[in-house]
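Undergrad: One-letter residues, chain by chain:
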Amino acid sequence: MTALKAQSKFIFGGAIIVLAVGYLIVSSIGGATAYYLTVEEVKAKGPSEQTVRVAGTVMGETIEWSAEELKLRFKIADDSGHLAVIYNGPRPDMLRDGSEAVVEGRYIEGESFEATNLLLKCPSKYEGAATVTAEAPAE
Amino acid sequence: MTTVGFVALALALAISIYTALASILGARRESPKLAGSAQKGIMATAALVTSASIILIYLLLARDFQVQYVYEHVSTYQPTIYTLSAFWAGQEGSLLLWLWLLTIFSALIARREESWSQELKPYALAVLAFCQAFLALLLVLASNPFALLPVSPAEGFGLNPLLENFWMIIHPPVVFIGYAAYTVPFAFAIAALITGKLGEEWIRGIRRWNLFAWLFLGLGVIMGAWWSYLELGWGGYWSWDPVENSSLVPWLVGTALLHSTMTQERRGMFKVWNIVLMTLTFVLCIFATFITRSGIIQSVHAFGLSVVGYYFLAFLVIVLAISLGLTFYRRRELASEVKLKSLLSREAGFLLNNLLFGGLALAVFIGTVFPTISEIVRGSQVALGASFFERVFTPLALPLLLLIGICPLLGWRRTSSGRFLRSLLYPGIVALAAAAVIFVRGITEPFALLSFTVCAFVAGSIIWEFLRGTMARHRSTGEDYLLAFRRLITKNRRRYGGYLVHLSMVIITVGVIGSSLYQTEYQVTLAEGETVTVKDYTLKHEGFWVENSPAKHRFATPLGVYRGDKRIATLVPEKNFHWNVEQWVTEVAIRTSLKEDLYVVLAAMAEDGSASFQILINPLVVWLWIGGGLLLLGTAVAIWPVEVQSSKLKAQNDLAQGQDAKGSKQDD
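So the protein sequences, as listed, match chains S and H. According to this note's numbering, the first sequence is numbered sequentially starting from 1045. According to this note's numbering, the second sequence is numbered sequentially starting from 8.
Since the hints were derived computationally from the structure, they do not count as laboratory data.
Below 20 angstroms or equal to it, Euclidean Cα-Cα: the simulated PhoX-like pairs (lysine-lysine) are: (1) 602(H) x 542(H); (2) 573(H) x 602(H); (3) 573(H) x 542(H); (4) 1053(S) x 348(H); (5) 346(H) x 1053(S); (6) 547(H) x 573(H).
Kindly produce the complete structure, drawing on both the sequences and the hints.
TA: So, in structure tokens, the structure goes:
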């Protein structure tokens, strides 16, 4: 009888832990989810405190890096339009014309997107890209 | 040459299939002839795959650019070591390496005659051969390392510059050793289910394979983090990227497994649980490969899309179906022999340990696949930020850490609460003293204070165990303290090796807390000759080096680092343009000390000679790597084969272990 009681104690305790872990996971998902929006959707929503992600292609001629302010500005484009992005931080190696970019941050006043996170993918996938090398740099 | 390599792989595939069937039939019909031929099949596969691997190594070193794999990963100007490590720089080579390791491990199993494994071995070999056949099938059908180009180029593409790093030379083989080694416990789990020999013998027999696989997977995770810290230049070592997470998940489950198998060995409990964990660990290794190779989940570690991922998915489904089916079939025989009795017992501690490790693994797994699942279910793409993992990980990891300090103080079955409370005394004093010191030194943030205190408590409890054991031995045997300390460890390798691993976890935690809570970042633009002071470092921009080589256009800025007036280091952060990938690659410069890392990134350079730097101060990072070293040492101690014991010695040891079982205190 006591053994049975002890058993139920463990099952009860275990169940509480399992539920707590489940609750922790579910509640944390809610707080950390960022939705992907298109440029059009971002602009339609207007300035917002909510963190979102926007994917687009980097427009090479718009990249501007200011050494004084240590600020990076560039535009990305998707099918629905262009979005000006501001990012505080060093210029990532893979930021160049045609790179696939995902910017995470907030749309702020003044029609630009303040990114806290940049994810970039190279336009030419490394695996499979083929160039013959060993040339001096073009000045 | 390439034909020979390919034919060797095709033969390995055919023989593996034969071996799997012959091994099962041999056991069913009790035909030694068939069983013998299956053993020979394992050996032949190992020989064939070894030859194929040697051929690939030869082709790489000979820089035979007509071979597509060689062309894609080797160039004439890259150092020989990277020409060799190109073996596992791409998918085809990595899979071959995995298969190679698996065939070597299988051959070791086939050769070894041990009493516990006699009945299980034929089935385990069949499972191993089945896994070999799967990898060989991939290599032959979808990912042939010996494929030829129509022409023979004069120069190769060369290694991805991001992989040109010491840790990238050894990280992939270490991970694949872990993956391949986890196939062995899985194979024996299936064999145990088929034969119904579900007792402790096989769990005990497989213990060292479990530890071995776990060690390599763990080291692989740490090396990957180290590589990311040195090479990716964002100042951190862990970004909760799917590729990183997917190698962490099997390790977490494997850790739960190490503890729960101990409970089965000692108390005959958790049988189903152990089988499930063993299968799960293996399946998660396969899943990790699926994630990294299929490209279904967005990751910064782009490996490119590949059909190979879907082969892994199919394999995963087959493995899961077979294991779950067999477990269900044996469910009655898998019942526990004894029941949990007391909350204050080691088995209750291990139960909690398993729940928490399981929770951690589940959380990381869900976080990793959530964006993909959500896209499939709801149709809209979402991303889960790093904050999810931070929020979930800490409340689960901290109790786990605390458990490390408490669990070894609990005996099996039942511990009296008075004795348990007394054993908390010294670690408790250490923890309070440490908390006071930390507080006085200016760390007042409640979370940091709490976690450092827990670390101190756990470290105190582990060190106390060592001290107590040494003193008891000194008293009872008269050995001097040093000898007593050494004998204490060598006579109880499992226990004290485990404690060293526990200590390494504390050290790693200290590194993680320090570097994640107290990182400071500065951004500056310096003209040549100009200086900047950050914290107690002064950095001076000392000009540029520009250098052209066949591989890259190198652009380096030496910085003199001073503390006060004393020059303590020269850091040279670089930005290099690599011709092969047509890409700038940043090389960070780091000055490491036990207290903190000074981490400098060259962010941008201007025509006038000025340069912008990102300067980070990362406290305590080096302790992560030191902890990794201790993890290796501790596991090596626990795994080291016990010298052939005379029966008398064995009896003594058993007696000592029996005493442990009554309570962890031998000397009260």
